[in-house]
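Line by line, the protein sequences give chains X and H. Residue numbers for the first sequence follow my numbering, beginning at 1 and rising by one. Residue numbers for the second sequence follow my numbering, beginning at 1001 and rising by one.
If you are wondering where the hints come from, they were derived from the structure by calculation, not from laboratory data. Where is the CB? At the ideal position from N, CA and C, for every residue including glycine. Watch out, some of these pointers could steer you wrong.
DEER-style ranges, computed between Cβ atoms [to be verified]: (1) H:ARG1175 to X:TYR19: 17 to 23 angstroms; (2) X:THR146 to H:ALA1128: 56 to 62 angstroms; (3) X:GLN194 to H:ARG1273: 54 to 60 angstroms; (4) X:ARG145 to H:LEU1332: 31 to 37 angstroms; (5) H:ARG1304 to X:LEU81: 50 to 56 angstroms; (6) X:LEU81 to H:PRO1161: 17 to 23 angstroms; (7) H:LEU1177 to X:ARG145: 29 to 35 angstroms; (8) X:GLU186 to H:MET1342: 58 to 64 angstroms; (9) X:ALA82 to H:VAL1172: 27 to 33 angstroms; (10) H:GLY1173 to X:ALA175: 47 to 53 angstroms; (11) H:MET1244 to X:SER191: 36 to 42 angstroms; (12) H:MET1342 to X:ARG145: 19 to 25 angstroms; (13) X:ALA175 to H:ARG1175: 51 to 57 angstroms.
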Amino acid sequence: MSGTLLPSMYELHGVVKSYERRTVLRIAELDVLRGEVLALVGPSGVGKSTLLRLLNFLEAPNEGTLRFQGRAVGPDGAMPLALRRRVTTVFQRPILLNRTVRTNVAFGLDLRRGWRPWSANGRDDRVAEALERVGLNSLERQRARTLSGGEAQRVALARAMVLEPDVLLLDEPTANLDPYNVSLIEDIIRSLNQEKHTTVVLVTHNIFQARRLADRVGLLLDGSLVELAESEAFFDRPRDERTRAFVRGDMVY
Amino acid sequence: MACERSASERRVTVWWETTMPPVFGKEDWPRSFGDHGYHGAYECRRLFFLAGRDAGFFVACHRCTRASPCREIERNCDRVCAVVRELRPALSDHAYQGTTHRVCLGDEERRGEDTINEILRGFWQAIALIGSGDPVLRDIVGLTFHVSGVALAISAIIGIPLGALLGLTRFVGRRLLISLLYTGMGFPPVVVGLFVYLMLSRSGPLGSMGVPWIPALFTPAAMIVAQTVISFPLVAGFTMAAVMGVDPMLRQQVRALGATPLQAATAVLVEARIGVVVSMIAGFGSIISEVGAVMLVGGNIEGRTRVLTTAVVLETRKGDFDLAMALGIVLLALAFLVNLAMLTLQGRSFDE
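Next up, chain X with everything else stripped away, as it sits in the complex (with noise of 0.2 angstroms):
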């Protein structure tokens, strides 16, 4: 990881991201902590998947800036590939490779390979420690396409953890599982959080799940950051009238 250790992993000032002049996010402040679980909450379609495709460097701001580690993306600027590869999502859907689970796994370190496949130590090992976590090493050759749901939601968070990235965001990685798969998807993501303290950018309209893992809890509506306080505070004693209407379940999505 990075030399200096700072507090927070990331720092967004002002960042405003639109498409084709409609903004879709307008966000003044938010630090993500070293170590912590974020939950963003919100309705859909106000920003939050919008927010993960700029934490993960796939998109840049058009304003404002965006520090990661210390070092600032500025406004539609270059995104270097180092940081990109520090940090992975787990999307909504698990979108796997038509191959088998252990290809699948090994995938983004066999990007980091390039063209040197003489280089592969330990990847096997990785790949096998990674489906022991989510307990799926008995499926290492089987094809993906031919997994369950939650199934393939576990391969596809399997992928990201061999990274050992520093910052793992998940983009509602449970909204469509059963609760079996759900609760074992949580203690992954806790476990992986207590043990190699990876930071945890979780995105979700479930506030229970929320409630369940974050540390912090963040509010987004229409684009921009309403509250943001420790989960506790966040469900207990929301400041804002609207995290009030969210919390209490009034709030339609």
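Following the hints, complete the assembly by docking chain H onto the known chain X.
Chain H only, in chain X's frame:
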């Protein structure tokens, strides 16, 4: 012209003097071609011609093309010439070129054959030809694969990246390029042949430059150029469709896992691999079965630019249906085997 039951019927092909098929090549022409006074059998490489006494035409007998001159036709020369002359006014010279007729000869026992026999015989001869490893056939097959294989390789090198580019990126002029590509996919090969012919001919814009690496007309290299022009739009078009069929989220996911743009494009191509193989099969199928362009650009010169399809055309027009069928069967079988091999190469991906 039905014969008497007892008459011996022969099928002959008529070539008018002025329209001797250039496809035979110079060395195939009867030695005393143009000598109207002579009549008799002329021996040339594959055919035995009978010159009309003063008619300016030549007759090739079907049954005797390989063994010895057709004594029967020679003997009945006047009769044959009369028959052909009788036919002549009905058609213009050009329409007559290479036409096949049945001619009755003498009163010998009839040895006519019907088409069914012809097909069966062709089939057996095809098997025998393939089995015997006939050197002429081997050369033709070898050249066919050389030309179409190299053309396909070049098409893949150009077409697959082009298809991926069109399928994955948005840029100014993309729609125009796609329209052009779709036009190219349905382009008549013979028009491509004409175009390449004009380009490469010695008075053409490319041929007149005298640059050594620009292929000359009537060479395998020129045929490769023509076939590449025919097949690369197919490879690019089908690759583009396959790439566009891949889940658009895949690219984002792959980038989120740390892929460079090139790695992301490669991952999408690998994901679309069945479609890419299909694009190659489509490209290969279009050129291995194509006649017009290779005929125009290659010239069907025996031993140099004769490929399976042009050989089939030649043998059919000569009336040598056995050999034509044999070549046709070889062509079919080889195309089938190649496609099978391509599909097996990427094997297990087809089990879904």
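Exercise. Just tell me: holds or violated, for the beta carbon distance of X:GLN194 and H:ARG1273 against 54 to 60 angstroms?
Key: violated, 40 angstroms
Exercise. For the range 58 to 64 angstroms, tell me whether the beta carbons of X:GLU186 and H:MET1342 fit it or not.
Key: Cβ of X:GLU186 to Cβ of H:MET1342: about 46 angstroms, so the range 58 to 64 angstroms is violated.
Quiz item: Okay, H:GLY1173 versus X:ALA175 on CB: inside 47 to 53 angstroms?
Solution: Hint violated: Cβ distance 40 angstroms, outside 47 to 53 angstroms.
Quiz prompt | Supplied distance hint 56 to 62 angstroms, evaluated on CB atoms of X:THR146 and H:ALA1128 | solution = For X:THR146 and H:ALA1128 the Cβ distance comes to about 49 angstroms; the hint is violated.
Practice problem: Look at the Cβ atoms of X:ARG145 and H:LEU1332 and judge whether their distance stays inside 31 to 37 angstroms. | Solution: Holds, at about 35 angstroms.
Quiz item: Is the hinted range of 51 to 57 angstroms satisfied by the C-beta distance from X:ALA175 to H:ARG1175?
Solution: Roughly 36 angstroms apart at Cβ, these two residues miss the hinted range, so it is violated.
Quiz prompt | C-beta pair H:ARG1175, X:TYR19: status relative to the range 17 to 23 angstroms that was hinted | solution = Hint holds: Cβ distance 21 angstroms, inside 17 to 23 angstroms.
Quiz item: Does the Cβ pair X:LEU81, H:PRO1161 satisfy 17 to 23 angstroms?
Solution: holds, 21 angstroms
Quiz item: X:ALA82 and H:VAL1172, beta-carbon distance inside 27 to 33 angstroms?
Solution: Taking Cβ atoms as reference, X:ALA82 and H:VAL1172 lie about 31 angstroms apart, which means the hint holds.
Self-check item: Consistency of beta-carbon spacing, X:ARG145 to H:LEU1177, with hint 29 to 35 angstroms
Solution: holds, 33 angstroms
Quiz prompt | Cβ separation of H:ARG1304 and X:LEU81, checked against the hinted range 50 to 56 angstroms | solution = holds, 53 angstroms
Quiz prompt | C-beta pair H:MET1244, X:SER191: status relative to the range 36 to 42 angstroms that was hinted | solution = Between H:MET1244 and X:SER191, where Cβ atoms are some 40 angstroms apart, the hint holds.
The structure is inconsistent with the numbered hints 2, 3, 8, 10, 13, although it conforms to all the rest.
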